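Undergrad: These are the residues of each chain, in order.
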Amino acid sequence: MANLESLTLEQISADIRSLVAEILEIPAEQIDGNASFFEDLGVDSLMGLEIVAAVEKKYRIQIPEENLQRVKTLNDTIALAREYLEKRAAA
Amino acid sequence: MEENNLKPRQRARANYRQLAIRPAQLAKEYDAVVIGAGVGGLVCGAYLAKFGAKVLIVERHSIPGGLCTFFKRKGFYFDAGAHYFGSVGDSKSFGGLLLRSLALDVEFIPMDPVDILHFPDTTLELPRNIESHIELLQELFPQERENIRAFFQEMLRIYRHFYRGKQNSEVLARYQWRSYQEVLDHYFHDARLKAVLSATVGYIGVFPNQVSVIAMAAMMMSYFYDGGYLARGGSQALPDSLMRRFVAEGGELLLNTAVKQIVVNKNNQATSIVLASGDEIRARVFISNADAQQTFFRLIGEKQVDMKYLQSLKNYRESNSCFILYLGIASGDEILRGKRGWYWDSYRMNDPSNIPLYIAIPTLEDRSLCPEGHHILTATTIYNDPMLGTDGQWLADNRWIEYKQRCEQDTLLHLDRIVPEILKKVVIKESAARPTIYRYTLNAHGSMYGWESSPDQFGLNRLPIRTPFENLFLCGHWASTGPGVISVIACGFLVARKALELLQQQSSQIMSAAA
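Going line by line, the protein sequences match chains A and B.
Note that the numbering used here gives residue 3 to position 3 of the first sequence, counting from 1, and the numbers run on in steps of one.
Note that the numbering used here gives residue 1223 to position 223 of the second sequence, counting from 1, and the numbers run on in steps of one.
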């Protein structure tokens, strides 16, 4: 079971990079962490939801919908996941 | 608040009377007419109405829902067909996204474990979270560890491509002609693991070596990845809520009314429908949520339909039907906990004699469905019964009664081995087989899942939503997206989009002609 203590930031970054790569169907190493999903990487709103849903399932966390618009880049997604992992750890 | 004190179905029945229109209120003309108030027809109608079309839905039965419906006996509210829904309850998942803008007032209860698989020597409770599900299988089959991960990744990829609906998907093209068994054989060596991964095949009703891997990915991932749900108040809560939304958007629903004919002209246009009463109603667009063969052979008539299309219809094979036993039982929770799910007598999943039994006990999650101190248990078996004589004719009525009684006995004996002393606790017993399902839905020979979901009849090979008639669409499990509640929701949405495009085209043509 994934918990914050056993997850390093590097691991989370690598995991989410590969989740996003899987959804976008591009090689993981080709994703620039600061590239805009929507303007640079051709992500549509459905894929945006897929990314958030995939992160939720991977880490068994719930990310409320109002956070969806924060998911604009890979780095945003990693930060969001980390935030909710921390919230869960604190709870 | 008072409404909440009503039993779920009392509430709904009051709604049917209030919400449906009477024949005298019918208009002469609509933008769109939907034949059949199954879930696909209701979703389609609700979207059309939401985007401003004037819509009529005509339903032969007294309540909406099609196979997603209920019946009541002595205070027990039985789900007649569909029990659980994949993907609908999370607004970030495919199903939730499709329903989101309809803002339905249904409470979906997440199933956890998402499903339970019972084999002779083991029971597997599948965790709701997909990662936990994968980890469980990896623990049980450590030698297939990496393959399990890769397999689920690929199934998810197929699922995503399927629902994204993009044309020319390489992934879908690659798998179009593959059976589920072929893909299992590609990924795994362990026969027991392959059986475990096939245990839910009965939800679409074919053997692993006959079912399309795309159909299986769509079904499995909607449950296992997006999550399975039941609707509070029973399955009927979904069509009820869709109906309320449809009416709130200005749609008109006519119940208890059969459509006798779809009138078409020589220009391959449908022009009107004729009701059993003889009333004729014109419309610009028609959507048939009815059985595909009924639509063309009976409502339109063979002489009016393109020969090639009719021939292709004749070549499709129907899915199987089911025998369903509905029981009301006087019992506490204890003896029933963990008894839901699929029961298999062996790991030989392609052996026709290895017939699965599926048990649903919705009252463990939703107490409102039956009197206190009781439960509802439905048992479904999915085998090819002796439906037809060699001449293709239905069996005589008395043969059916005999058959049903035999099925009841067999199923009760099977249940007695699963739930100790259940036979002594049965207070209500009803059952359904092909003729029952046919009687209520007019689906050909009581088919439960539209056409059989084999590779030659699924994906690109399934009957398209477009028909030889430009303004007539098919919607439901006989058309493109296939069987299951989530699939027909997707179909309803898709057809609504196509129908709206056509309506807009027609409007702009009228406008430019007028200018």
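Treat each hint with caution, since some may be false.
Said to hold, decoys possible - Label-pair ranges, simulated between beta-carbon atoms:
1) A/ALA35 / B/GLU1107: 56 to 66 Å
2) B/ASP1121 / A/ALA14: 37 to 47 Å
3) A/ALA35 / B/GLU1372: 55 to 65 Å
Claimed, not checked - In silico DSSO-like cross-links for lysine-lysine, where the CA-CA straight-line distance does not exceed 30 Å:
4) B/LYS1339 / B/LYS1303
5) A/LYS57 / A/LYS87
6) B/LYS1308 / A/LYS58
7) A/LYS72 / B/LYS1092
8) B/LYS1050 / B/LYS1308
9) A/LYS58 / B/LYS1339
10) B/LYS1166 / A/LYS72
11) B/LYS1314 / B/LYS1072
12) A/LYS58 / B/LYS1166
13) B/LYS1498 / B/LYS1308
14) B/LYS1498 / A/LYS57
15) A/LYS57 / B/LYS1308
16) B/LYS1314 / B/LYS1166
17) B/LYS1092 / A/LYS87
18) B/LYS1028 / B/LYS1498
19) B/LYS1303 / B/LYS1072
Unchecked claim - Selected chain B positions facing chain A (Cβ under 8 Å, derived; list incomplete):
20) SER1091
21) LEU1097
22) ARG1149
23) GLN1153
24) ARG1164
25) LYS1166
26) SER1169
Read the hints as simulated data drawn from the structure, not as lab findings.
In this text the structure is predicted, and so the values were computed from the model without any measurement.
Virtual Cβ for every residue (Gly too), placed ideally from N, Cα, C.
Undergrad: If a hint holds in the structure, say so; if it doesn't, say that too.
TA: For each hint, the structure was consulted:
Taking the beta carbon of each, A/ALA35 and B/GLU1107 are about 40 Å apart, not inside 56 to 66 Å as hinted. About 39 Å separates the C-beta atoms of B/ASP1121 and A/ALA14, a value consistent with the hinted range of 37 to 47 Å. Between A/ALA35 and B/GLU1372 the beta carbons are some 59 Å apart, a value that agrees with the proposed interval 55 to 65 Å. Note on B/LYS1339 and B/LYS1303: the hinted pairing is violated, with a Cα-Cα distance of about 52 Å set against a maximum of 30 Å.
Between A/LYS57 and A/LYS87 the CA atoms are separated by roughly 16 Å; this keeps the pair inside 30 Å, and the hint holds. Using a Cα cut-off of 30 Å, the hinted pair B/LYS1308 and A/LYS58 is violated, with the two alpha carbons roughly 49 Å apart. As the CA atoms of A/LYS72 and B/LYS1092 are separated by approximately 16 Å, the hinted pair is consistent with the 30 Å bound. A C-alpha spacing of about 36 Å is found between B/LYS1050 and B/LYS1308, which places the hinted pair above 30 Å, so the restraint is violated.
Restraint check: the Cα-Cα separation between A/LYS58 and B/LYS1339 comes to about 29 Å, which is no more than 30 Å; the hinted pair holds. Only pairs whose Cα atoms come within 30 Å are accepted, and B/LYS1166 paired with A/LYS72 is accepted, the gap being roughly 23 Å. With a C-alpha separation of about 37 Å, the suggested pairing of B/LYS1314 with B/LYS1072 is violated against the 30 Å cut-off. The straight-line distance between the Cα atoms of A/LYS58 and B/LYS1166 is roughly 26 Å, inside the 30 Å bound, and the hint therefore holds.
The suggested pairing of B/LYS1498 with B/LYS1308 holds, with an alpha-carbon distance near 23 Å, which does not exceed 30 Å. Pair hint B/LYS1498 plus A/LYS57 does not hold up; C-alpha atoms about 33 Å apart against a cutoff of 30 Å. At roughly 47 Å between alpha-carbon atoms, A/LYS57 and B/LYS1308 are farther apart than 30 Å, so this suggested pair is violated. For the hint pairing B/LYS1314 with B/LYS1166, the CA-to-CA distance comes to about 29 Å; that is within 30 Å, so the pair holds.
Annotation: proposed proximity of B/LYS1092 to A/LYS87 holds, straight-line Cα distance about 20 Å (limit 30 Å). Our distance criterion of 30 Å between C-alpha atoms is met by B/LYS1028 and B/LYS1498, whose separation comes to about 23 Å. The suggested pairing of B/LYS1303 with B/LYS1072 is violated, with an alpha-carbon distance near 42 Å, which exceeds 30 Å. Evaluation of the B/SER1091 hint against chain A yields a held restraint, the C-beta minimum of about 6 Å falling below 8 Å.
For B/LEU1097, the suggested interface contact is upheld, since its CB lies about 6 Å from the closest CB of chain A, less than 8 Å. A distance limit of 8 Å between C-beta atoms decides the matter here; for B/ARG1149 the minimum to chain A is near 12 Å, and the interface restraint is violated. Hint status for B/GLN1153 relative to chain A: holds, with the closest Cβ pair at about 7 Å, below 8 Å. The beta carbon of B/ARG1164 comes within 7 Å of a beta carbon in chain A, closer than 8 Å, and the hint placing it at the interface holds.
Of the supplied interface hints, the one on B/LYS1166 is violated, with its beta-carbon coming no nearer than about 10 Å to a beta-carbon of chain A, more than 8 Å. Interface restraint check for B/SER1169: the shortest CB-CB distance to chain A comes to about 11 Å, outside 8 Å, so the restraint is violated.
Consistency with the previously given hints fails for numbers 1, 4, 6, 8, 11, 14, 15, 19, 22, 25 and 26, ordered from lowest to highest.
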